Amino acid sequence: MNSDYVIAFLASTAGAATPLVLASTGELVAERSGVLNLGLEGIMLVGAVAGFSVTLHTGSLGLGLLAALVAGMALALVFAFLVLTLQTNQVATGLALTLFGIGLSAFLGRDLVGQTVTPLPRLDLPILSDLPFVGPLLFRFDGVVYGSLALVAVVAWLLAKSRIGLQIRAVGEAPHSAHAIGMPVVRLRYASVLFGGALAGLGGAYLSLALTPMWAEGMTAGRGWIALAQVVFATWKPRGVVLGAYLFGGVTVLQFHGQGLGLAVPSEFLSMLPYLATIVVLVIICRNPQTILLNKPMSLGQNFRAD
Amino acid sequence: MPRLEARPEPSRAMMLASPLLAALAMLATGSLLFLFLGQEPLHAFYVYFIKPASTAYGVGELLLKATPLILCGVGLAIGFRADVHNIGADGQLTMGAIAAGCVALYFDGVEAPWVLPLMLVAGALGGMAWAAIPALLRTRFNTSEILVSLMLVYIAYLFLSYLVHGPLRDPAGYNFPQSKMFGESATLPLLVEGLRLNAALPLSLLCVLGAWFFCKHTFAGYRMRIGGMAPAAALYAGFSAPKNVWLAFLVSGALAGIAGVGEVAGPLGQLQPSVSPGYGFAAIIVAYVGRLHPVGVLLASLLMSLLYIGGESAQIELQLPSAITGLFQGLLLFYLLAADLFIHYRFKPRQRALTNPAEIPA
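Residue numbers (the numbering used here), protein chains in the order written: chain A, 22 to 328; chain B, 5 to 366.
No wet-lab data here; the hints were simulated from the structure. This structure is a prediction, so every number in the text was calculated from the model and none was measured. The C-beta atom is built at its ideal place from N, Cα and C for all residues, glycine as well. One or more of the hints may lead you astray.
What the hints assert, rightly or not - Chain B stretches covered by chain A per the calculated footprint, using a threshold of three residues with CB under 8 Å from any CB of chain A:
{"hint": "1", "segment": "141 to 149"}
{"hint": "2", "segment": "328 to 340"}
{"hint": "3", "segment": "344 to 351"}
Given the sequences, and given the hints that come with them, work out the whole structure.
Structure representation (structure tokens):
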């Protein structure tokens, strides 16, 4: 195995990890505010189709990404309205959102199958990207890859240090106490869920605009669910999201490189790896109830009503 | 927005009315969607919702498609009642189909009355085995059964794909990724001449009856219901939560597995790269729309089946995209959840301003 191969493997890992980084970071914020949104898969699919469709028709990748962001927020708004205003069950509503998103994305994308767009351009940073080994490894990605990492840093800082971050955490831990001291619980939760939706939409669009520049029904292939598992893996801490996403990115890429690495395993079994890895990782993290209980927002999944 | 007021107790009337309200809202949205797609709404409505069920053949197809939904939906409803969320029924269905398919292909050419029962047992066991994984991980390691059962769906799909592309591919099948057609003894008998309706339907009705009896008249069913409604009370009474998880998963896994047998030994007659157009997921909607009640599930399955058939009919006659089916399914569940608000809340009447000083309490 030569170094070119290692570079290619590691570099494609970043691409595969980025949708997960985006979707998990958004979901992490929503969950920190106490809302479990199981609709990620549906939001990512709608984001993927919205981004692809707008880019195809306008030729602008920027508008495509924006459309995905808005579409993700719109879907998250439906979820937030049902869960936060109408007090519906979060698990059932999240499942409904996923099923709706699968249907809606297939419907919207019915004429887009088989078309392609020019994928997101790589930002080849001058000089840096020509460095041996380090160059192709660190400095030859598109803007979203760098942006997603910067975003995690910002979210981590906001959650840990800022006033709004403190409020979001307070609302997720003890909504009734937060309400009692005058925090707008429902509004903070709305904002967190919308933020999560926007990022899930972007994550979906990264799939259809960068990773595989095309639209196919159900193209997220469970990444929304894996992103949900990532939040548990990260024990609700932003830095864990990056670690988890890149780990999973690596596992996902492994299936494409399996043959190249000389693994005599049918491709279907290699394709199972990300799903198997998700299960294994969940077991490892969850078997110790202390890690989970220490970090899981106390009111996660529970509805709040001020009265 | 008008203010909502919590009802002193849940409204029974709304509990029954909200699925109907949801169906009506879905139909109304559907008409708008037809209009948007440039169809004459009444005609599209007729083609989608009425025409498919207006012939004997259509009714047969309706019941045929409802069968796997009934089987999966009843199983899921039992679990949801106990707050156990098995959302991997499609994977359990696929594994049931694989297990039954293996039996059928192994005993290919054997004309014996025991082949079909053996397939049913194998299918139920296949579904149960697949469902046992999330149950085990949840009870032993506290792992979310939602995520694990879902991951297993993708693994089951890939396993089936491997089998029909590899070991179980029909050598005489012109390289198509599908197994040999099953023999006569491995195919479910048809109920009515000229229809594709088969013996899986009465079997599913028996399961509804069994589930109803289980929920209503057995202590285990009672324990599960309490576990879902009042976990603290269940704990206090010494009811075992792990037992509920196991029971919920094994029952729904077995039923989903049998649904898988019904597909491969029924309309498909062989193993194909995909044995289910998402019946296991549609069954989640069925379970909720059916109010987690076996009889409700039966009715909701018929509605959901009509959505599938209507989608096919609209695709052929109106050139509408088939994805419309999924859209309607999702909408139905959304509307149901929204309508459920009125079970626990009602609009607060506007407070009458007190103008007469005599009315002001001292």
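So, going through the hints one by one against the coordinates:
no. : hint       : result
1   : 141 to 149 : holds (count 6)
2   : 328 to 340 : holds (count 10)
3   : 344 to 351 : holds (count 4)
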